[in-house]
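S.K.: Below, each chain spelled out in residue letters.
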Amino acid sequence: MSRASRVLLLLASALLALMLAAPLWRIQLIAPQYPEGLGMKISANTVRGQREHDLDNINELNHYIGMKRIEPESIPELHIIPYAIAALAAAAVLVALIGRRELLSVWLGAFATVAVIGLIDFWHWEYDYGHHLDLEHAIIKVPGMSYQPPLIGSKQLLNFTAVSVPDVGGVLAGVAFLLGVAALVLAYRREPRPVADWSEPQ
Amino acid sequence: MSPTRRIVYAAVATALAGGAFFACRTAPATTLVGNDAAIKVYVPPGSYDEFYSFMSGGFSGQVSVYGLPSGRLLKVIPVFSQNPENGYGYSEETKAMLQTTFGPVPWDDSHHPEMSMTDGVPDGRWLFINANNTPRVARIDLTRFETDEILQIPNAAGGHASPFTTPDSKYIVSATRFSVPIPNRDVPIDSYKQNFRGTLSFITADQPGKMDIAFQILMPGYNYDLGHAGKGPSDGWFFFTSYNSEEANTKLEENASKNDKDYVAAVNYRKAEECVAAGKAKTFPSEYDHNYVDPSSGIAKVETMHSVKLLNPMDCDGVVYYLPTPKSPHGVDIDPTGEYIVAGGKLATVIPVHSFTKLKKAIADKAFEKVVDGIPVLKYEAVIAGEVQKPGLGPLHTEFDGKGYAYTSMFISSEVVKWKLGTWEVVDRIPTYYSIGHLMIPGGDSKKPWGKYLVAMNKITKDRYLPTGPEMFQSAQLIDISGDKMKLLLDFPTIGEPHYAQAIPASLIRDKQLKFRNLAQNGNPDVTRSESDGGITRKGKRVDVRMIAIRSHFAPDNIEGVQLGDTVYFHVTNIEQDWDILHGFAILGANTSELILQPGETRTLQWIPTRVGIYPFYCTDFCSALHQEMQGYLRVSPAGSTVALTANVSKKAQQQLSEPAKAR
Chain W
30 MSRASRVLLL LASALLALML AAPLWRIQLI APQYPEGLGM KISANTVRGQ
80 REHDLDNINE LNHYIGMKRI EPESIPELHI IPYAIAALAA AAVLVALIGR
130 RELLSVWLGA FATVAVIGLI DFWHWEYDYG HHLDLEHAII KVPGMSYQPP
180 LIGSKQLLNF TAVSVPDVGG VLAGVAFLLG VAALVLAYRR EPRPVADWSE
230 PQ
Chain S
479 MSPTRRIVYA AVATALAGGA FFACRTAPAT TLVGNDAAIK VYVPPGSYDE
529 FYSFMSGGFS GQVSVYGLPS GRLLKVIPVF SQNPENGYGY SEETKAMLQT
579 TFGPVPWDDS HHPEMSMTDG VPDGRWLFIN ANNTPRVARI DLTRFETDEI
629 LQIPNAAGGH ASPFTTPDSK YIVSATRFSV PIPNRDVPID SYKQNFRGTL
679 SFITADQPGK MDIAFQILMP GYNYDLGHAG KGPSDGWFFF TSYNSEEANT
729 KLEENASKND KDYVAAVNYR KAEECVAAGK AKTFPSEYDH NYVDPSSGIA
779 KVETMHSVKL LNPMDCDGVV YYLPTPKSPH GVDIDPTGEY IVAGGKLATV
829 IPVHSFTKLK KAIADKAFEK VVDGIPVLKY EAVIAGEVQK PGLGPLHTEF
879 DGKGYAYTSM FISSEVVKWK LGTWEVVDRI PTYYSIGHLM IPGGDSKKPW
929 GKYLVAMNKI TKDRYLPTGP EMFQSAQLID ISGDKMKLLL DFPTIGEPHY
979 AQAIPASLIR DKQLKFRNLA QNGNPDVTRS ESDGGITRKG KRVDVRMIAI
1029 RSHFAPDNIE GVQLGDTVYF HVTNIEQDWD ILHGFAILGA NTSELILQPG
1079 ETRTLQWIPT RVGIYPFYCT DFCSALHQEM QGYLRVSPAG STVALTANVS
1129 KKAQQQLSEP AKAR
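For the protein sequence lines, the chains are W and S, in the order given.
Just so you know, our numbering puts 129 at position 100 of the first sequence, and the rest follows in order with no gaps.
Just so you know, our numbering puts 745 at position 267 of the second sequence, and the rest follows in order with no gaps.
By construction, these hints were calculated from the structure, which means they are not laboratory data.
All residues carry an ideal CB built from backbone N, CA and C; glycine is no exception.
Some clues are possibly wrong.
If you want the footprint, here are the derived chain W segments under chain S, 3+ residues with CB under 8 Å [said to hold, decoys possible]:
| hint | region |
| --- | --- |
| 1 | 116-122 |
| 2 | 158-171 |
Incomplete in silico selection of chain S near chain W, CB under 7 Å [said to hold, decoys possible]:
| hint | residue |
| --- | --- |
| 3 | Thr621 |
| 4 | Ser735 |
| 5 | Tyr912 |
| 6 | Lys940 |
| 7 | Leu944 |
| 8 | Thr946 |
Only pairs whose alpha carbons sit at most 25 Å apart, straight line, appear in this in silico DSS-like list of lysine-lysine [stated by the list, open to error]:
| hint | chain 1 | residue 1 | chain 2 | residue 2 |
| --- | --- | --- | --- | --- |
| 9 | S | Lys648 | S | Lys779 |
| 10 | S | Lys868 | W | Lys170 |
| 11 | W | Lys170 | S | Lys729 |
| 12 | S | Lys739 | W | Lys170 |
| 13 | S | Lys898 | S | Lys844 |
| 14 | W | Lys97 | S | Lys926 |
| 15 | S | Lys898 | S | Lys940 |
| 16 | S | Lys926 | S | Lys518 |
| 17 | S | Lys937 | W | Lys170 |
| 18 | S | Lys868 | W | Lys184 |
| 19 | W | Lys170 | S | Lys736 |
| 20 | W | Lys170 | S | Lys518 |
| 21 | S | Lys729 | W | Lys97 |
Can you make the complete structure from the sequences, with help from the hints?
M.R.: This is the structure we're talking about:
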């Protein structure tokens, strides 16, 4: 593995570490009467409002359609995701130190798997909130209407346009993954060098 | 390429790819205003607006008057709330206006202004408005913009469906938003279904000073929300929306939203008149107050009434029918032809329109679904003329332009939707800022709308104006509806919370305005007609001071002999006979308010001194060059003091009298 690959991998690891501190995804709810915006941010370990009380306000609005309250404590995945990300970051450091491009492939595969599982899980939660409505107590019942926000992109949900996009953390993850891909490409384009070459002058 | 450079390239490329996610920001809500908006709302200095618009003050309890199209605030008319700004509800002459059988009620929540009509067209004689909290209706005289009469509504709570008028203003109505036990009494709240009932009150309104309840119709215990009279073919009928046909008494937001359809009550009030005349209504003991300004003295009087005629639909066949209407209907609005009855179901996904022709046929055919407490429920399919599909969310109120179009306010989707009567197709929509409640087209609920402007009255203001802390004025928008497409012209802030509004061409009101009151016709028993007439009298602990106000002095202006324990009445008469020369009167430590005195008017302030000393009083309305000199003193001595009761005209005032030109 070239020095370039290792540096890229270490960069990727740093970005993954930063991801823990940044929201991964955000869902914005756009409606005329919310010129100031309304939305929530999903981090590795919690769900928060875009501004301090947004999540409460969203839950308040959702009670009209019978959606259950979004309570981060009740989402078990939020306890696991931080460890998965930390493990990926640590593994990237290890792969960079060991310098074997096969390990790099494995690491990248693991990263992709975690990302895909994460996205499927996220979609599943969105589906659950959007479809499993308490119609007994719902005040606004529109026949055939469900309220699942999109995974990525925008969708009209009654008077709100729900826009779902990756936030800083999600972008960091994307960049980290692309750095991994770049490291892999570089590693396979050049002959691998022995570890001892690391300290030799150019 | 060196490895370092390669790293940089790779990192930059990936960062750019990632950054692309952030590029898909949504555009902020932009306000689309046409280029010609400014010229359309510009009323040059010294020129007048085209329309008077009367907006309810909502929780201010008053009525505000705006000019259209400028959106300028012209006046706030005190109605149901005390108004320290001019002494309404504080002065002895006006206190009685706010009297009820609950005692004085100094505040209310005013919702729906309604213009008096002649042959179904607003005529600019009077404006009626309801009080929602302690049910009352008021008459405002539109030659003076003053409240002249207030009638309390018994057997009701929440006078919301009020004070809509019949096309001839023979009656205005008031229907109870909260059903309550009738007569009201001590029962368990959860005995709602057995004990709670609604009432629809028909109030005679065409004789100033003589409003009274002609009759009340006893209804099932739903919430009666809004109403409008029929006209043309539907003349003689009145329509009221109702919700909570579930008869829930707790957590209504959920429990009163269960039924798929609630009802519009169609009331044949001519039939009700017949039944009442035939003695089918019960004389039902009910205490309520009627307050009115006695035209000769200008003093408000209270008359307590003791009974109403209460008509049970069971005893008057064919007086009320229910039209099933989707999802908790709010507004019910009749188109200018009188054929269509449009209801706005707060939670409905369509706007249902009933047909009066079909309603009559359904009654003739007995197309009844069931009968509730003697009231036949007509079949939805038998009365529905059409449904406006996908109009938006949260339809509330509809007004008409007289050109075949209807305009419905959409609270949830915050827009006005224009649709065509007969085809029920949506032809245009325009956003409102934010969450519109009522909307108003001048004459838009009458036979002849002046379909040029539409005013959206919004519930949420947020960022529309410079921010003013957590509480802001409400926000209204003026929309041009003269063309095919609605165009936003103007934003303007409004006081309290305007619910409904009425507007009519200025020409129908402007030229009838009183400029000042004729002093010769002032019938107040405590009037002082000239400088030499003023004085002071004592009767036990009561001291009456009669004084005049004229530029720039009061006479008398030095008063002595008042003692602690006395109650002083200042009867102040503005003896000016000139346009817009008002005076004010205020005294140190008054626990009431000031008085504002129109030219030729007498007003009385009650004042109870609390300690010994000298009390200045002065004119509060800047009246003249020497307004700051318009003042006086009152001396308060201990109880039992030997200071003689005197009221002198000051030397300064006498001097002014001898040199009037200079001083004035």
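S.K.: Does each hint hold? Answer for all of them.
M.R.: Structure-based check of each hint:
1. 116-122: That given contact is violated, which follows from only 0 residues of the region 116-122 of chain W lying within Cβ reach (below 8 Å) of chain S.
2. 158-171: holds (count 5)
3. Thr621: With Cβ-Cβ at 40 Å, over 7 Å, it is violated.
4. Ser735: For Ser735/S, the interface hint holds, since the closest Cβ of chain W sits about 5 Å away, which is under 7 Å.
5. Tyr912: With a minimum Cβ separation of about 4 Å from chain W (threshold 7 Å), the hint on Tyr912/S holds.
6. Lys940: holds (6 Å)
7. Leu944: Given a least distance of 14 Å, the restraint on Leu944/S is violated.
8. Thr946: violated (16 Å)
9. Lys648/S with Lys779/S: Given that 25 Å is the threshold and the Cα spacing comes to 23 Å, the pair holds.
10. Lys868/S with Lys170/W: Holds. Lys868/S to Lys170/W sits at ~14 Å (cutoff 25 Å).
11. Lys170/W with Lys729/S: Roughly 17 Å between the alpha carbons, so the hint for Lys170/W and Lys729/S holds.
12. Lys739/S with Lys170/W: Roughly 13 Å separates the two Cα atoms, so the pair holds.
13. Lys898/S with Lys844/S: violated (30 Å)
14. Lys97/W with Lys926/S: violated (49 Å)
15. Lys898/S with Lys940/S: Since the Cα atoms of Lys898/S and Lys940/S sit roughly 32 Å apart, the hinted pair is violated (cutoff 25 Å).
16. Lys926/S with Lys518/S: Answer holds: Lys926/S to Lys518/S is near 23 Å, not above 25 Å.
17. Lys937/S with Lys170/W: holds (23 Å)
18. Lys868/S with Lys184/W: holds (17 Å)
19. Lys170/W with Lys736/S: holds (10 Å)
20. Lys170/W with Lys518/S: Since the Cα atoms of Lys170/W and Lys518/S sit roughly 42 Å apart, the hinted pair is violated (cutoff 25 Å).
21. Lys729/S with Lys97/W: holds (18 Å)
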